[in-house]
Amino acid sequence: MPETPPRDMTVAELRAALRDLPDDNPVRFAVNPLFPMSHGIATLTTTSDPTATAVAYLADSCTSTATPRPVAITLGWHEPATAPSRRRRTAR
25 MPETPPRDMT VAELRAALRD LPDDNPVRFA VNPLFPMSHG IATLTTTSDP TATAVAYLAD
85 SCTSTATPRP VAITLGWHEP ATAPSRRRRT AR
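The sequence shown begins at 25 in the working numbering and counts up one residue at a time.
To be clear, the hints were calculated from the coordinates, so they are not data collected in a lab.
All values reported here derive from a predicted model rather than from experimental measurement.
Please note: incorrect hints may appear among the correct ones.
Said to hold, decoys possible - For each label pair, taking beta carbons as the anchor points, the in silico distance ranges come out as:
# : residue 1 : residue 2 : range
1 : T34       : A105      : 30 to 36 Å
2 : R110      : T70       : 50 to 56 Å
3 : I97       : D32       : 36 to 42 Å
4 : R112      : G64       : 41 to 47 Å
5 : T75       : R110      : 52 to 58 Å
6 : C86       : A40       : 26 to 32 Å
7 : L38       : G100      : 15 to 21 Å
8 : T114      : R39       : 55 to 61 Å
9 : R43       : C86       : 52 to 58 Å
All C-beta atoms, glycine included, are put in the ideal place defined by N, C-alpha and C.
Take these sequences, add in the hints, and give me the full structure.
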C-alpha cells in the first residue's frame, strides 16, 4: 500500500510550534532530504488556491547553509550513525 503524503501544516499548528521561542529567534526552512540545506525566510505573502482557500507562502531570503545533521535525523532524512573507530597507523 502506498504511503500517504504528509499534509500541509496549518497556520495554527505553526503558531503553536513557535509559541515558546523568543520573538527575535531566526526561522529557517529545511529542504532537500538527499542533500539537506536550510534557507532563511525573507517574507510571507498570502493568496487563494483554486478552491478559494487562503494559503500562506514563505519567500526564501537567498541565504542558505547546510542543515545540521541532528535536524536531518529528527526529520527522518538521515539515519543516526556513529563514525567507525579508527585504528592508529603504525610504521612497519
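* Asked: Cβ-Cβ distance between R112 and G64: within 41 to 47 Å?
  -> holds (42 Å)
* To do: Return holds or violated for the Cβ distance of T114 and R39 against the range 55 to 61 Å.
  => At 59 Å between Cβs, range holds.
* To do: Check the following: the C-beta atoms of T34 and A105 are separated by a distance inside 30 to 36 Å.
  => At 34 Å between Cβs, range holds.
* Is the distance from the Cβ of I97 to the Cβ of D32 consistent with 36 to 42 Å? -> violated (23 Å)
* Starting from the hint 15 to 21 Å, judge whether the C-beta atoms of L38 and G100 obey it. => The hinted range 15 to 21 Å holds for L38 and G100, with Cβ atoms some 19 Å apart.
* **Consistency of beta-carbon spacing, A40 to C86, with hint 26 to 32 Å** => At roughly 28 Å between Cβ atoms, A40 and C86 fall inside 26 to 32 Å, so the hint holds.
* Cβ distance range 52 to 58 Å for R43 and C86, holds or violated -> violated (28 Å)
* Measuring from beta carbon to beta carbon, are T75 and R110 in 52 to 58 Å? -> Between T75 and R110, where Cβ atoms are some 56 Å apart, the hint holds.
* **Whether the CB-CB distance between R110 and T70 falls inside 50 to 56 Å** => Because 52 Å falls inside the window, the suggested range holds.
Going down the numbered hints, you'll see the structure goes against 3 and 9, while the others check out.
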